[in-house]
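S.K.: Residue numbers (the working numbering), protein chains in the order written: chain A, 1 to 281; chain B, 1 to 281.
Note that these hints are calculated values from the structure, not bench results. Any given hint might turn out to be false.
Since the list gives no way to pick one copy over another, a pair counts as held whenever it fits inside one copy or between any two copies.
Each computed DSS-like pair below joins lysine-lysine, with the alpha-carbon atoms no more than 25 Å apart [unchecked claim]:
hint, residue 1, residue 2
1, K154, K200
2, K200, K277
3, K252, K105
4, K205, K277
5, K252, K200
6, K278, K200
As the structure is a prediction and not an experimental result, all values here were calculated from the model.
There are 2 protein chains.
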Amino acid sequence: MKTVGIVGLGLIGGSMGLDLKARGFASRVLGVEQDPLSADAAVRLGLADEIVNLDMCVAQSDIIVVAVPVGTAVKMVPEILGMIGADKVVIDVCSTKEQICLATKYCPNRGRFVSTHPMAGTEYSGPWAAMPNLFDGRACIFANPEESDPSALKIIEEMYAVLNMRPIYMDAAQHDVHTAYVSHISHITSFALALTVLEKEKDEKHIFDLASGGFSSTVRLAKSNADMWVPILTQNRDNVLRVIDTYLDKMKEFRDAVAAYDEARIRELIQEANRIKKIIR
Amino acid sequence: MKTVGIVGLGLIGGSMGLDLKARGFASRVLGVEQDPLSADAAVRLGLADEIVNLDMCVAQSDIIVVAVPVGTAVKMVPEILGMIGADKVVIDVCSTKEQICLATKYCPNRGRFVSTHPMAGTEYSGPWAAMPNLFDGRACIFANPEESDPSALKIIEEMYAVLNMRPIYMDAAQHDVHTAYVSHISHITSFALALTVLEKEKDEKHIFDLASGGFSSTVRLAKSNADMWVPILTQNRDNVLRVIDTYLDKMKEFRDAVAAYDEARIRELIQEANRIKKIIR
């Protein structure tokens, strides 16, 4: 059994702490958490056994999980790699992978770093959002796995196996292209939807009354945390812009068809969109 | 107890049949369903006791529920009003209200017509999508209730009370403005999202692997049925175009902020969007 250090006890870090301890992979979970209220909550909620400072966490842990927003992680991971020897493994769990792989490329102990993206989450954040079984059955991306030592990779594969995640190996740059197309654009459309409804519909009671399940579902991601999403969108800027442009084109096609009362064209667009049924439950 | 006739045994009509019978409001449910496969399924699934033709349904029912796409309903409701006396009530359950209220305004027996929009549903359609308890706790809009006879209105209020719906009274034109802002735009953003992802991401395996819960949630409505949505979007064209234009503006603000690496502005937009948390669970 291992000592796992988790830097950032939010939704992802905290949920990992819970399951790794409960499932017997970690004998001890050390947490690093700057915010005193979150630190206190994390211990009460059982996400970590103890809150320590970063130096102590790195010194005492076999595996160090960096679970902070990607803007912070790109600076923190190289720093931690400079503090460790070949007996430890460092991972990140960020939603963009190219910048962090570039930032660590020539670091000492690069081989001890494994860059991962567990594809799980909710729209909530902070230690209060952490929950057991969050990762079960989802995919976990390993970015540029050939840059990690096989022994480091193996330990982290074992760790994610305990979380019941399916490993998928991918080039970091490719990961960022695909997540822009699938994950990042969903968040942006949801933010834009919330902004639209809040601007157009001044009466909150109307929003509440008229929102059937459909609106709640499409707007859900608009509750997502700015600290997490600002750096994702800037780090993945070029891919995000390309997918926004395609999205704007599709929306305009829809607009034109409605403006022209072109029922055949609206039907065609809807039926084309319906193809998503075959892929997503 | 009453005989309830339901024209169109899809998600909404079928779910009404189930609950009205199970909860003792209807002693008998007569269904009208053109598609033989759906008709057969509806009886097997218990959505109606018997499938009859429209004439027999109207003749034998105390309440006639028109639950067909709104393009068909605007023609069918006036026709049915011409067939009944003051002992019956006709309702529609369509998602747009202005056109159907206009189409019936000068019909004989207008007072026996109650125009409603139960704010409940899923992205699925047809008799197989019908389910018990679909309406519980949701809002039901009564459009232009002053155009209905008080006695007709009262019967339908009682019926929706059995379905545990909260009645909300609204001008038909106002209804269409508000549903464009809250419900219709959610569907359009979801259709456009599906079209974008299907165009950008040719590899379906990537979509499946990289879609965390967030994508499934935002794209869910893109599975919605064209037969239902084409007439909604054309009947509510002007409101829909206005809300699409606001949406396009918001999306462009987002795009500009990302393009400029303007983290402060992206943060501002996300935090503004986060306000939806206060309204929608």
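S.K.: A separate judgement is required for each hint: does it hold in the structure or not?
M.R.: Verification of the supplied hints:
1. Proximity of K154 to K200 under the C-alpha cut-off of 25 Å is found in neither arrangement, the shortest distances being 52 Å within a copy and 33 Å between copies.
2. Taking identical chains as interchangeable, the C-alpha atoms of K200 and K277 lie at most 25 Å apart only when they sit on different chains, with a minimum of 17 Å there against 30 Å within one chain.
3. In this homomeric assembly, K252 and K105 never come within 25 Å of each other (Cα to Cα): the closest approach is 42 Å inside a single copy and 35 Å across copies.
4. Taking CA atoms no more than 25 Å apart as the test, K205 paired with K277 passes between copies only; the shortest distance there is 14 Å, against 33 Å inside one copy.
5. Taking CA atoms no more than 25 Å apart as the test, K252 paired with K200 passes in both settings, with 19 Å inside one copy and 17 Å between copies.
6. Proximity of K278 to K200 under the C-alpha cut-off of 25 Å is restricted to the inter-copy arrangement: shortest distance 16 Å between copies versus 34 Å within a copy.
Violated hints for the displayed structure, listed by number in ascending order: 1, 3.
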